[in-house]
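Asker: Here are the chains, one letter per residue:
Protein chains: 2
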Amino acid sequence: MDNASSTCLDERVMEAMEPYFFDKYAVATSEFGHSMGVESKEGLDGARKSIAENIGASPQEIVFTSGSAESSNLALKGVLSANDGHLIISDIEDFSVLHSARTLEKAGYDVSYLTVDDEGFIDPDDLKEEIRDDTVLVSIQHANQEIGTLQDIKKLAEICKDAGVFFHTDATHTFTRIPLDVNEIPADLITLSAHTIHGPKGIGALYLRDGINIKKQMDGGFQEFDKRGGLENIPGAVGFAKAVELVTKEENDRIKELRDRIIDRVLKEIPDTTLNGAREERIPQNANITFHYVEGESITLHMDMRGVAVSTGSACFSRSLEASHVIMGIGGDHERAHGSVRFSLGRYSTQDDVDYVVDNIKEVVERLREISPLGKE
Amino acid sequence: MDNASSTCLDERVMEAMEPYFFDKYAVATSEFGHSMGVESKEGLDGARKSIAENIGASPQEIVFTSGSAESSNLALKGVLSANDGHLIISDIEDFSVLHSARTLEKAGYDVSYLTVDDEGFIDPDDLKEEIRDDTVLVSIQHANQEIGTLQDIKKLAEICKDAGVFFHTDATHTFTRIPLDVNEIPADLITLSAHTIHGPKGIGALYLRDGINIKKQMDGGFQEFDKRGGLENIPGAVGFAKAVELVTKEENDRIKELRDRIIDRVLKEIPDTTLNGAREERIPQNANITFHYVEGESITLHMDMRGVAVSTGSACFSRSLEASHVIMGIGGDHERAHGSVRFSLGRYSTQDDVDYVVDNIKEVVERLREISPLGKE
Numbered sequence: 056m057d058n059a060s061s062t063c064l065d066e067r068v069m070e071a072m073e074p075y076f077f078d079k080y081a082v083a084t085s086e087f088g089h090s091m092g093v094e095s096k097e098g099l100d101g102a103r104k105s106i107a108e109n110i111g112a113s114p115q116e117i118v119f120t121s122g123s124a125e126s127s128n129l130a131l132k133g134v135l136s137a138n139d140g141h142l143i144i145s146d147i148e149d150f151s152v153l154h155s156a157r158t159l160e161k162a163g164y165d166v167s168y169l170t171v172d173d174e175g176f177i178d179p180d181d182l183k184e185e186i187r188d189d190t191v192l193v194s195i196q197h198a199n200q201e202i203g204t205l206q207d208i209k210k211l212a213e214i215c216k217d218a219g220v221f222f223h224t225d226a227t228h229t230f231t232r233i234p235l236d237v238n239e240i241p242a243d244l245i246t247l248s249a250h251t252i253h254g255p256k257g258i259g260a261l262y263l264r265d266g267i268n269i270k271k272q273m274d275g276g277f278q279e280f281d282k283r284g285g286l287e288n289i290p291g292a293v294g295f296a297k298a299v300e301l302v303t304k305e306e307n308d309r310i311k312e313l314r315d316r317i318i319d320r321v322l323k324e325i326p327d328t329t330l331n332g333a334r335e336e337r338i339p340q341n342a343n344i345t346f347h348y349v350e351g352e353s354i355t356l357h358m359d360m361r362g363v364a365v366s367t368g369s370a371c372f373s374r375s376l377e378a379s380h381v382i383m384g385i386g387g388d389h390e391r392a393h394g395s396v397r398f399s400l401g402r403y404s405t406q407d408d409v410d411y412v413v414d415n416i417k418e419v420v421e422r423l424r425e426i427s428p429l430g431k432e
Numbered sequence: 056m057d058n059a060s061s062t063c064l065d066e067r068v069m070e071a072m073e074p075y076f077f078d079k080y081a082v083a084t085s086e087f088g089h090s091m092g093v094e095s096k097e098g099l100d101g102a103r104k105s106i107a108e109n110i111g112a113s114p115q116e117i118v119f120t121s122g123s124a125e126s127s128n129l130a131l132k133g134v135l136s137a138n139d140g141h142l143i144i145s146d147i148e149d150f151s152v153l154h155s156a157r158t159l160e161k162a163g164y165d166v167s168y169l170t171v172d173d174e175g176f177i178d179p180d181d182l183k184e185e186i187r188d189d190t191v192l193v194s195i196q197h198a199n200q201e202i203g204t205l206q207d208i209k210k211l212a213e214i215c216k217d218a219g220v221f222f223h224t225d226a227t228h229t230f231t232r233i234p235l236d237v238n239e240i241p242a243d244l245i246t247l248s249a250h251t252i253h254g255p256k257g258i259g260a261l262y263l264r265d266g267i268n269i270k271k272q273m274d275g276g277f278q279e280f281d282k283r284g285g286l287e288n289i290p291g292a293v294g295f296a297k298a299v300e301l302v303t304k305e306e307n308d309r310i311k312e313l314r315d316r317i318i319d320r321v322l323k324e325i326p327d328t329t330l331n332g333a334r335e336e337r338i339p340q341n342a343n344i345t346f347h348y349v350e351g352e353s354i355t356l357h358m359d360m361r362g363v364a365v366s367t368g369s370a371c372f373s374r375s376l377e378a379s380h381v382i383m384g385i386g387g388d389h390e391r392a393h394g395s396v397r398f399s400l401g402r403y404s405t406q407d408d409v410d411y412v413v414d415n416i417k418e419v420v421e422r423l424r425e426i427s428p429l430g431k432e
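These protein sequence lines map, in sequence, to chains Y and X. In case it helps, this note's numbering puts the first sequence at residues 56 to 432. In case it helps, this note's numbering puts the second sequence at residues 56 to 432.
Okay, chain Y solo, but in the shape it has when bound (with noise of 0.2 Å):
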């Protein structure tokens, strides 16, 4: 479930922002530049330093974005029209890796779309395969949006640097709730978000292994190692990092044992119901059930209904009644498309809240199922 407080900001984030809004909110200038500039500059290289340390990389290999979509695309982009090849992406990535390689295809690019196991997994062999002589770039999410599965990012990245490919992951889902090293993991690239830990909307990063050629995606001055054009929004970046320093280990284990009990629970306590994803290696904040025979956009109204939020489909693809691509993507089938409904949970998340949530959920699903027109039969 996703309720206000499981999604909502950080009070303590809105406290870091707060001067940079105001005393602080000068464009970031130079050493050449007034000292409010220098001020809201130095916010902004504290916060790249900052995001930089959480994954151990170095603060000239963060560029700052509008959010995951933008670092996903310069990723793509960026990389294929700097260095022209073969690109590789798994077929149940998110939208703005998926339609990035989509666009780049009708551009003439080469894209191969690597399929998925019934949790949702890559095999690393597969990949090996598909790699080909004028492979430029492999772009594999290390979790996935809609069912939560994590992948063995390390081995993929491994095989891409043996290959000589570069690497790409977007780590929206992931980030600072399954730690990454760059010197561990040889990913090249990585997309990073603020809005899944409580930081804010509007902001995101790239991480961009030091000597990578890309090409700009957003001209304008000369900002971001002239990665990326246009007014630095310094508020977002600095509550961007403040979001990445509260979350925490102990945090992330309560969040998994909340999870752990929502999957539990609905498994055994109401018939016909299917995890989507892999039971271990997924995400702490995600589960993602089928509940056959009912529609899961009945089931988001009747959860309203009792004041709990929960989703359907993929966050960005409401508006379209088109079945969940991950959900085909690991051999469902409309119906257990339709049928699937995601939790989602955060740092204010009780026991207490995921009880309701399966015992209301328990109580809609038998009542859908009563007067439902998909039959058992």
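What the hints contain is simulated information worked out from the structure, not anything from laboratory work. As the structure is a prediction and not an experimental result, all values here were calculated from the model. What you were told as hints is all true, and nothing was included just to trick you.
The list treats identical chains as one, so a pair stands whether inside a single copy or across any two.
For lysine-lysine, the following DSS-like pairs were computed, each having C-alpha atoms within a straight-line distance of at most 30 Å:
#	residue 1	residue 2
1	209	282
2	183	270
3	282	161
4	161	271
5	271	104
6	282	270
7	161	270
8	161	183
9	282	271
10	282	104
11	271	209
12	216	104
13	210	270
Start from chain Y and add chain X according to the hints.
Answerer: Same frame as chain Y, now just chain X:
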């Protein structure tokens, strides 16, 4: 000048944004989603409507972006890649337009650059002459980012309309300061920004007249009428709308008086000074003056020690010591460019501030000239 209070966020903007950071922070979903998502979508729709109304547009003609750089990138690259042809811009455009045009040029598009006169004006006859059968888009700023000169965009847009060519204008520095109605001025695309009017950074918009075919530049979900993917920055959009609502004619008139006071006092009381840009047809919040025989950088530093922030060159360009392309564009030489100082006014500027600034810059310039190697002789 540009002190903290003249550039910061308005407290009322922060108040308007706050609920969208906390209680209403959900992802904006559609009619199929949960009510938290619906509430945040209402915030987004309300912001869109209010910004649209300010320029006489319809809500579906407003596409939210991460700021004016992204808006101008989307306008130029979006139109050209969907409608192959020739592009015309002025040679004093902001970097987001100028560098987007350069990128398009490198990609094989034909681009013409219109020169301006010594006050920064485009000659409408030059535009007429430059338009060819294959011209697709003309992009000329509403006002200049450094010298503040206001173009007659009504006339320029009408020329384009008559010729069947799309007209884009970057209104970053004029939006709400200079009224603009799309029913009177036939502009097809307009870059709009929040941060210049005490609104948040990291948010902007592109007005896109109904029926114009552009190619999406930021791939992701189907947000923003499928014109711009990526999670919506709803607190930003709501803050943007609030900032727009807070600007009044009275405020603009008051700021204009302060601007005139700076220009009149400096030109009268400090010898060897030149106003850059037009005397009358300029935005209310900008004065740009060259102090001959001194470096703008030195003035900036000395004024900073006296608690006043002024800028030299373009705000986006302080990292470089290249001469401003705008001052060079109006026929200035390196000496004029390097001696130019930009004063920016805002809601919180007072007559006392202005007098303090003029009194101090007078002293600073006098002393610098005494020790300057750039002698008069």
